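As they're listed, the protein sequences go chains A and B. The first sequence begins at 44 in the numbering used here and counts up by one. The second sequence begins at 14 in the numbering used here and counts up by one.
The hints are simulated quantities; they were obtained by calculation from the structure and are not laboratory data. Any given hint could turn out to be false.
Claimed, not checked - Capping the alpha-carbon separation at 27 Å, the derived lysine-lysine pairs in BS3-like fashion look like this:
(1) A:K277 with B:K158
(2) B:K46 with A:K51
(3) B:K435 with B:K418
None of the values given here were measured: they were computed from a predicted structure.
One-letter residues, chain by chain:
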Amino acid sequence: MFDGLKDKLSNFREDAEEVAEENAEALDSDEADDGETADGAEADAVEAEAAAAEATAEAEAESEPENAEAEPEGDSESGGGFVSKASSLARGRVVIDEEDLEEPLRELEFALLESDVEMSVAEEILDRIRDDLAGEEKKFTASTGALVEDALRDALLSVIDVDGFDFEDAIADSEKPVTVVFTGVNGVGKTTTIAKLAKRLEDQGYSVVLANGDTYRAGANEQLQEHADELGVKLISHEQGGDPTAVVYDAVEYAEANDVDVVLGDTAGRLHTSSDLMTQLEKLDRVVDPDYTVFVDEAVAGQDAVNRAREFDDAASIDGAILTMADADSQGGAAISVSHVTGKPILFLGTGQGYDDLRKFDPEALVDDLLEDED
Amino acid sequence: MVLDDLGSSLRGTLDKLRGKSRISEEDVDEIVKEIQRSLLQADVDVSLVMDLSESIEERALEEEPPGGTSARDHVLRIVYEELVDLVGDSTEIPLENQTILLAGLQGSGKTTTAAKMAWWFSKKGLRPAVIQTDTFRPGAYDQAKQMTERAEVAFYGDPDEDDPVKIARDGLEATEDADVHIVDTAGRHALEDELIGEIEEIESAVEPDRSLLVLDAAIGQGAKDQAREFDDSIGIDGVAITKLDGTAKGGGALTAVDETGSTIAFLGTGETVQDIERFEPDSFISRLLGMGDLKQLTERVERAMEETGLEEDDDWDPEDLMKGEFTLKDMRKQMEAMDNMGPLDQVMDMIPGMGGGMMDQLPDDAMDVTQERMRNFEVIMDSMTEEELENPRSVGASQVRRIAKGSGQSEETIRELLDQHKMMAQTMKQFQGMGDGDMQRMMKQMQQGGGGGGGGGGFGGMF
């Protein structure tokens, strides 16, 4: 997941730095000594030491160019580049021009689209980076690398890191039984995900009851029953064609009577365009009033992921999402789009067909991973 | 429907060209940007989009519009040709004995598609059988069994056997009598080497005449890699796109087709076994360009007519609509036929001037409301006399009261029905005696009028 985007992000960083440094170079043409420092290959080095440079640079930002010159002695060529930029800045010059950024930003836009980030979300990321970088003066004292990286990190985190809801904390803190209902379109892996979560919760010492609210799809009862047998948990189900709300309701009653900690309620997959089924979902949400509603979608979904997420959130407000088939997907943009458009976090990633193939999703770690250097 | 956003935004951009005879570089630039945007939003592969837009740009600027052609028509033709080139022809599916293998990612809709295809073949007069080899997913056997019962086709599966290759082999033997064997497989993705190895074994055991890749319309840019991997392992001859009744555009399927050098075979458009269509490139592009999809509508109409009990009503011929008086009986037949064609919104999508842009302007529940209205109308017509049905214009106020009592509907609804009939009768008059050329002119008119005007009026009144 995200392999493609990772490469592209790194390209953008280099391009943006190059653009910026070319400018810096032009401005500093009188300081001919560091003319060759501004090529792309060297950009990585600049940013590798960005963290260190930043700390010192901030302190020196307002000070005299002479001071800056004295600073990073041992830093070979990249130090020179940094110094020249710092000094040009000290003379009050703006180094990054919005116009110069357009080409790298356009490349980045396509990179995001290629990674299945939804178009409006991609545009928002670009806007943030543009606002952040263009005409930037003050922060520029750090280094182009750090600056571009910061802008990227901020932009990515701002769309992906939505206010935290930790599923496991929530289960631990809630009054028992906790009812969790799973929604999503057909074939995204709701039932399999429920089985995986049941296993995970049982492993953590909770007791679990499953409720098959999918009274529509052929084979749904059998599918969940086999999982229940395998995991040794109780399944509440009704005849095919029954009322899904009643099934989940029964399961909650069962949990109350038998001191079961968690009720995991499956629902039939439905396309968000089917108003009958979406109304049914609203009813379930209203009558059962689950503690949490989790939206399940597949990581391989493209631009449409946001439409679905939004529609399901509207019908039965979701608290978080789980993306399945993350092991099949090298793009991963759906994760960025879905959490951004719903304002709810991605809780887990499904990463295979085994019961244990469920990984907690950590946006910070993801962004770190995306921006990490490959070498 | 597939790419219909492209239809509406493209139409918008193209409309700006109306009246121009020469086309500037900026015009082309704008159109190309619009096309790029729409295709990207439809999940078409980024590099494919770039190739396509480049050729459109090049041709639009270099090729001289043939004499008398407006700039708009010229560009439209180029876009059309390039898109036809991109989507290719539909996969050839001969109506003869054959074995078809289905492959695809988990949850893409293989089992449902298998049952739908079997239903489709059975409607074409062949005897199909579905063989379920998914031994991994719990419930897969039961699902396939129930779906094939709904489709009323033969089924083979073995819930106690866990070797899919053996099931495939046994299944072919057990369903020897069938003309068409459709082999369903467990979901797998390109990176699961073991499972890819397994499907290769199934493939060599059943020796399919064609292997189809089943793809969810919502799949993103990953379609490319998945398609390539499946093509490398078993060879993909065609693609079936599923869940097209959602909002996803199905552009991933175009990518897959491009990547595998194959074509699109079937479209899945709903949850029942009848919700399957053969892919038709021409009608697909027509729909894409917002020109409606007459060919598929005709097919559905014919099928629906067959099922609308012509036996009990031999004197009713749809051709009658085109001559003579349009009566309430005709209207009822038409409503029944439409009902048999499937959900109204799908049917509307195929009527020229009704799809794309116009559908977007309707409130979400317009179709549900319309369907309910149609049901009410039917109840009312049941309470009317033969004479009233034949001659609805003669129905007076006292008759309306009587019908209202008899049908339990409000007088208001009955008057609506009569108005509706009047409007439809007028529309039918316009259709009568029209040649092909007139039809096209009318389609154009409807398009230019945003779909609402002209001949669309009759249907428009239903909302």
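Going down the list of hints, with the structure as the test:
{"no.": "1", "hint": "A:K277 with B:K158", "result": "holds (25 Å)"}
{"no.": "2", "hint": "B:K46 with A:K51", "result": "holds (22 Å)"}
{"no.": "3", "hint": "B:K435 with B:K418", "result": "holds (23 Å)"}
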